[in-house]
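These protein sequence lines are chains R and L, in that order. Under this note's numbering, the first residue of the first sequence carries the number 9, and numbering increases by one thereafter. Under this note's numbering, the first residue of the second sequence carries the number -18, and numbering increases by one thereafter.
These aren't lab readings, by the way, just hints derived from the structure by calculation.
Here are the simulated distance ranges between beta carbons: (1) L137(L) with V82(R): 51 to 59 angstroms; (2) T49(R) with S136(L): 52 to 60 angstroms; (3) H163(L) with I136(R): 17 to 25 angstroms.
If you only want the chain R side, here are some residues facing chain L, beta carbon under 8 angstroms, derived: (4) M25; (5) C62; (6) G85; (7) A134; (8) L139; (9) L156; (10) N182.
Just so it is clear, CB atoms sit at the ideal spot from N, CA and C, and this is done for glycine as well.
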Amino acid sequence: MKEMLDLFLTFAKVGVMTFGGGMAMLPILQREVVEAKHWATEEELVDYYAIGQCTPGIIAVNTATFIGQKKGGVLGGILATLGVVFPSLVIISVLAGLITNFSHLTWVQDAFAGIQVCVCVLIFNAVIKLLKKSVVDKRTACIFLLVLAGGVFLNVSPVWFVVLAAAAGIVLKNLEVKA
Amino acid sequence: MTTLLRLYWEFFKTGLFAVGGGMATLPFLKNIGETTGWYTYGDLMNMLAVSESTPGPIGINMATYVGFTVAGVPGAVIATIGEVTPSIIVILVVAMMLKKFRENKYVDRAFYGLRPASTGLIGAACVTVIFEVLTCIRVASTDGVLNSVRLAGGSLFNWPGLALAAVLLVLTNWVKPTKKLHPIVFIALSAVVGVAFGFAGG
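Please work from the sequences and hints to get the whole structure.
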């Protein structure tokens, strides 16, 4: 019981200290989970991260589930995940409530109009960074361009692109192996 | 009640199909806004900015914020739980057969196609928000059929916005002392510029 509470609290602490994406969480996990609690080794953490990135969902949550599961089985995995999302739930709910109350003010609208420009640039930068890792040859460039065009011009759920791209990956690689 | 169920289902799908971290959920959130009418692109951009500037993984912050916008605190909880449910199930299964999963050639091959597709989806979301924020062209469509294109302001482009975007692009990519700074710095700077120059035009 005490162990489970410890899992929840440790991951809540990791959640509070993570600023940004799942990658920003790695150094904090190294300190809290590997060095302070000895719940996983450095190598295991890197493995969990690699799998967390290539399984569906948010990397931070996937890694938390992995470590929790190793430490305390299925319940441990669930508690570690609830721990890592708990600070977000509290902080965002409070902030969202505040922002809704002040959103009619002119200066708040001006501030958000400025912030929206910044968010455009941040997303653009994220895409450029991802491009370098995901587009490795002509075929992946084709998949990228097709999905980009489809996403802009077709009004269909992203789910279809994900399913088709996974199938395309398998087919293209199979042809390569046979050739 | 039906709203909460719908919210859970939409976020369950997001958690299941968004591959590659928090930003990969953006195209799904955009799609949810389009199909349900719960929020606009502008709302989503504001939520993303707040999510980047507060503690916690971006993907979770965005799920919480969208859920809160749709149905208050219960919505925040339901959306977040919905988004993490597939992760918990998939990871628990993968953990049981860790070695097999890592060495499976079909998993490897599927990801060869998935990675550029995920980037393409985020790129498409990026194109849409750039249109929304930096130009005055407003495209209206119903059920996927384009029915009107009009100008919201007197000019084609949002010139002050474009100027700010150009400065930010340079600061975040090519100026050594500033490019390593946390995004919150640029978000704060943009808020100040927005207030100083009356960006909302009100």
